[in-house]
Structure formats: structure tokens, C-alpha cells
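Could you build all of it, start to finish, from the sequences and the hints given here?
Residues 1 to 204 in my numbering are what the sequence shown spells out, letter by letter.
Calculated from the structure, these hints are not laboratory results. Hints are not guaranteed to be accurate.
Stated by the list, open to error - Restraint ranges, calculated between C-beta atoms of paired labels, are given here:
#: 1; residue 1: Gly32; residue 2: Arg194; range: 54 to 62 Å
#: 2; residue 1: Glu197; residue 2: Arg43; range: 42 to 50 Å
#: 3; residue 1: Gln155; residue 2: Arg194; range: 17 to 25 Å
#: 4; residue 1: Glu197; residue 2: Leu141; range: 36 to 44 Å
#: 5; residue 1: Gly51; residue 2: Val199; range: 41 to 49 Å
#: 6; residue 1: Thr137; residue 2: Ser177; range: 25 to 33 Å
#: 7; residue 1: Val163; residue 2: Thr137; range: 19 to 27 Å
#: 8; residue 1: Thr75; residue 2: Val52; range: 41 to 49 Å
Being a predicted model, the structure only gives us computed values, none of them experimental. Positions of the beta carbon are idealized from the N, C-alpha and C atoms, including for glycine.
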Amino acid sequence: MSVLPLVFTSGWASGVNAYAVVLLLGVFGATGLSDDVPESLQRPEILITAGVLFLCEAVADKIPYVDSVWDSVHTVIRPVSGAVVGALLAGQSGSLPDLAAGAIGGSTALASHAVKAGTRMAINTSPEPFSNILMSTAEDLGVAGILTFAMFHPQAAATIAGVLLLAGLLLLYFLVSRIRRFLRRRAQRREEKRLAEQVGPPPG
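Structure (C-alpha cells):
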């Protein structure tokens, strides 16, 4: 069976939470749940590192504005992770060229990362923090659920991931104005901070 559906699904999931993907795939392979997971993802040091980074993301991802900074840092990490995981999965199964799998995983991860980062910018325009927590929790559960589902029904999981990606891109299109407002506010805060540093504290 072609590994393409799993590559696509893992790419989508990597754009949302790359560390969760590496951790889950490694656990699936180590426990014998899937034969498509390469041994390099099952190594204890990889699982431990992915687990620690996943916990860091689980915290940072739920704090307003911190989540957007975290997303900015991971603009390169998530697509690269999606590409590497896709290439490794292809190399394990031999049913898809590594380069093609890397391109599919990386581009899908980049698209889903753009959706996540964009929607977080829009959410951060709201003054309350609860929407960040709810969105982050939903994303984590979604990644875990769909990736687990992909182990048993890869084609169906890839279809769900594709629908979610398309819906996210459409939502992002309608949220552009809100995202621009968020960027303007952030630039204004930076300018106010810069001016305050130039003026200095009032004389005592």
C-alpha cells in the first residue's frame, strides 16, 4: 500500500504540532502499532526530546502573544519536520520516492502552519485568554486523533486532513483584516516601547 496518505496526514499534523507527530509516530512504531515508522523515529533519545519539546509547546501555545512568537520561530521548523518525516516514511515503505514525499510533507506542513499561525493572530485580537487555551487543546487533540486514525485508515485520515486544511485556508482568507489589525497593534506597542526607552524614566 502506498504511504502517500500517511505522508500527507503527517505533513498536515506537523504544521500544527511537529513534536507531537514525531512523538506519536515513534510510539506507534516502538509499540508495533505500525510497520511504516522508521527505526530512527523510535530511538529513545528522539522520543524523549520530542516529548520534552511537546510539553514546552503545550504550555507556550496556550499563552496569548507567546503562541504567536512560538509560531514565528517554528515557521521553518514545522515545514522542515514535515518534509523529513515524509521522506523517512517513504524510505521505510519504498512505495514513494523520498524527494517526492519530502516535498509533499513539507508543503502540506507549511500550509497548515500558515493556517495555525494566522488564526492565532486573529484570536490574539481578543482580550480574553480562554480562546487560546480552547484552540490549542483542540489542535492537540485533533493531531493525536487524526494521526492515530491514520494508522488504521490512512486514506480516510488523509481525506479528513485535506478537508481541514482547505477549511483552514478559507477561514484564513476571511480573517486577513483581523490579522492585519493584530500586526498593527504589535507594531504600535513596539514603537511605544522604543519611545519610552528613548525618553527614559522621569527625574526623581
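Hint by hint, here is what the structure shows:
{"no.": "1", "hint": "Gly32 with Arg194: 54 to 62 Å", "verdict": "holds, 56 Å"}
{"no.": "2", "hint": "Glu197 with Arg43: 42 to 50 Å", "verdict": "holds, 47 Å"}
{"no.": "3", "hint": "Gln155 with Arg194: 17 to 25 Å", "verdict": "violated, 53 Å"}
{"no.": "4", "hint": "Glu197 with Leu141: 36 to 44 Å", "verdict": "holds, 42 Å"}
{"no.": "5", "hint": "Gly51 with Val199: 41 to 49 Å", "verdict": "holds, 46 Å"}
{"no.": "6", "hint": "Thr137 with Ser177: 25 to 33 Å", "verdict": "holds, 26 Å"}
{"no.": "7", "hint": "Val163 with Thr137: 19 to 27 Å", "verdict": "holds, 21 Å"}
{"no.": "8", "hint": "Thr75 with Val52: 41 to 49 Å", "verdict": "violated, 21 Å"}
Figure legend: structure checked against the earlier numbered hints; hints not met, in rising order: 3 and 8.
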